[in-house]
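Visitor: Residue numbers (this note's numbering), protein chains in the order written: chain A, 1 to 381; chain B, 1 to 175; chain C, 1 to 378.
Hints listed in this document are in silico derivations from the structure and should not be mistaken for laboratory results. Keep in mind the model is a prediction, meaning the values are calculated, not measured. Check before you lean on any hint, since a few could be wrong.
[Stated by the list, open to error] Cross-link-like lysine-lysine pairs, in silico, DSBU-like; alpha carbons within 35 Å at most: (1) A:96 to A:112; (2) B:125 to C:210; (3) B:147 to C:330; (4) B:41 to C:51; (5) C:301 to C:51.
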Amino acid sequence: MLQFDFFAWLAGIPEWIYGIIQWIYGIVSFIFYWVYDLFRWIWATIFLPSNFMFLFRAIIFPGLIFVVMALIWAVWFTRKLWGRIQDRRGPVHLGKYGGLQLFADAIKLIAKETIIPDNARRWMFRFLPGLLLVVVLLPFAFIPWDLEYWFIADLSVSLVLVFAFLTAVPVISLLAGWVSGSKYSLIGGFRAANNQFAAEIPLIISTIGPALLAGSLSLMGIAAAQSSIWFAVLLPINLATFLVAAIASVGIFPFDAPVADSEIIFGWRTEFTGIHFTLTYFAEFAEQMLYSALIVTLFLGGPIGPLTGPLAGPVNFVLKFLITFFFFVLVSSSFQRLRQDQIVHYCWKYLLPLALLNIILIMLAIVYIPGIAALLPLGGG
Amino acid sequence: MSDSSTTNASTFGRLVINKIPEVTSNPLGDNRIELVVPANKIRDVVTLIDEEIQDVLPESMFGVDLENDQYELIYIFWSYTSRLLLQLRVSLEGEKPEIESTCDIFPGLEWHEREVREMFGIEVKNHPDPRLLLLPDELDGAYPMRKRFQTDRSRLNETGITPPKPRPEPGGDSQ
Amino acid sequence: MSPDILEDAMELWFGPQHVSAHGWATKLTLVGDYVVECDPNAGYFHRSAEKVLEYKNFRQGALILERMCMLEAFLAEYPYVAAVEKIAEIEVPERAKVMRTIMMEMSRLHSIQFWWGQFNAELGFFTMALWPWVDREYSLDAFEELTGSRHTVSYSTPGGVKYDFTEKSMKQLNRALDRFEDRLPKFRDMQMGSPTFRARTENIGLYDVKQGLKWGLSGPPMKACGIPMDLRKDDPDPNLAYDMVDWEVPITENPEHPGQSDALDRMEQRFAEAETACEIIKQLIPQIPEGPIIDPKARGKANRLPEGEAYARVEGTRGITTLWLKTQDKAQTAYRAKIRGPCIASYYALKDLVPGSKFADFIVIFGSLDPYPGWWDR
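Work out the full structure: start from the sequences and follow the hints.
Guide: The following block contains the structure:
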């Protein structure tokens, strides 16, 4: 017979309370250990010295923030230099020598209303400018700012990868022109594609020279191969053809047919306003910087240079980078704009044979002049 | 003349009158001449100018409203080697007078003819492109260069342009 | 034009909101990169100046005329003043004649400096666009010192000119001229020696004399074909002092295509025009005679004009600029004033000149003819 035993029930209470406490303890300890593990994982990922420094390099010093700061500087430098060349003063009012002007412009542009035309494909129109900037910023991960420590990633095919990213730029430009729903944008998009069509082959042929001499497709490898002689000495014509083809590929003066403002307003960027315009505008400068960095890596010895000591690699690289970027601005401010058919004509008829010629010449030189081969990593043998 | 490089004003006037006797000439001095041309002969005279003077330039062509449905058309031609200025004067009459187009002889006159048509209501026959040149579509048929087109607000309804909103009373509520 | 080509055609409105199209719009029909049809449209800048002139008295009229072309304001206002003087039979003092001529050439110089920069901007060369504009500032300073206004000078008035030269304005004028003459050869080397400039302009927009005359073209676009067609020599205004100067009509002859002109020739012609303008001013400055700058009776005479017709013509920067004026007896306002701007012909010429060329060359052809919308819309 089952009867309610009051005393047995009374004796069961502590056990019941104990059970609840145990249950709560289980939950708490589970959460505690989960959080603890999380912290341990975060600690292990970020704050362990080796990992921390990798993230530091990727995000802060030769990585994203450094590149963005350099981008802001490049815009200021371009405007100032253009101003000086054109008998103007350039930005002067904000900050020392107008250094803060770009921040003011960026804040103004970002704060402006974003106007999307009725004919535009709305989501693509919003998405493409951001994608463009990301695509242009990604290859900076492979730039050998330093051979020992201050670099982000070393990939055995990074040269190919960089050009794979850069090939996407005109595609995005064409798409951006297409989805804008404006005839001027569409013409500009096709002109951007045309520019790449003209410039890409001489551009890549010009990089064959350094890759061949270094025996490597990695940017790090190519930079390291120039420890005894810069490839600019052996491949001077390739340096010139690469510079011209790079300018044509970016689409700045005199190859700025894609954004020729007197003909097609602003090309594929016509309809972009506010933040979208800011992103495309930054992407153009980022692309110029990227090509400058590639020239330094491929032809000017990368981080190998006059200075020695701690941080000498990045400092050397940045110094050479400044000079190269200066040439970009100089060339772009001294010529009339070319027509698209003339761009193709120049790139294919002059740049391509010249680029090939230099490679053939250096091959013959390696074979017939014994001193040269000794300077190269795969040479002397 | 076509064989000599320069053309004298009075010689040319005589030549035109010999060929087209309805034309009368009126010297303006200084190698300038005015030919008064009947409206139905304008094409003949302009063709003659084109044939006889080598380097003739169609300088201008415009209408003048003389009121009471009287109009004048003035064509001006200039030849720089002979330094000859030709002024053709055509008198027209009627509510909507008509004139033959001459812009197949001198393409430069095409726009002047379009302007005469829209501003004075002088119909240009056989004109290849009879659109409005300067005026907006609302003013088609208003002929604003006619003297009777007043520029005050009395004709606002006729032009079809929206009149400006009346100003709110000062101090009152501005509904 | 076969219809199957036009099936792929794209109609493109070049203007009126285009950055290069300041007050005009042209409908282009493109097949691929080629323009197959060009339809220039006028009327975006129309201010009915001819009607307004029928309501303004004879001293106010010149101010309306200036607004037709701000870049050559003095040249634009002068035909009206000359026509009024012809009807009213006003004598102009010698000093005013010379000063008018100096101002006219200065106005031409300024207009060419502006065009030069603008053309280079249209070609996408902003360095060369801004350098002439620096010199243009000096010309504007000279205008400002003399007349108090930088663009719309409103300097001439029936019977003479409004302001006399002072020592300071003379200094500014000489400064502008010296600077320009100093920089002109350098600029010419830079411009004509630039391979990209030659590539963009050679054999672009080619037409011959006969075609140009049919369209009614005049001025630099015709002189670039090699014919000395200049009203300053051919039909000199009696109230200007071009006969006091020893000068030649600047022409450009290209041996590669005689009797024709392309965009490159027209650029070279503008250089020659600017040089001639400088030379004329330099010769006139020492010859300025003493005397009054305005006929004291002119003000009364210009208040009410007798019945008459006058046709005043002047060689503008862009070509023949004329004004036909008809007045009634004791008129306070014009009965009919017809402005003939030079650019109505050069803008119309695009209709025949552009089809067949590449789209990118359209703006080069347009810029080399230098049309200003105020002149055709009025």
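Visitor: Straight-line Cα separation of residue 125 of chain B and residue 210 of chain C no greater than 35 Å?
Guide: Given pair residue 125 of chain B, residue 210 of chain C holds - Cα atoms ~26 Å apart, limit 35 Å.
Visitor: With the threshold set at 35 Å, check whether the alpha-carbon distance from residue 301 of chain C to residue 51 of chain C stays at or below it.
Guide: Status holds; Cα separation ~23 Å.
Visitor: Under the criterion that the straight-line Cα-Cα distance not exceed 35 Å, is the pair residue 96 of chain A, residue 112 of chain A satisfied?
Guide: Satisfied, since the Cα-Cα distance of roughly 26 Å is no more than 35 Å.
Visitor: Is residue 41 of chain B within 35 Å of residue 51 of chain C, Cα to Cα?
Guide: Cα-Cα ~30 Å, so holds.
Visitor: Would the hint linking residue 147 of chain B and residue 330 of chain C be met if the CA-CA limit is 35 Å?
Guide: holds, 18 Å
When held up to the earlier numbered hints, the structure conflicts with none and fits them all.
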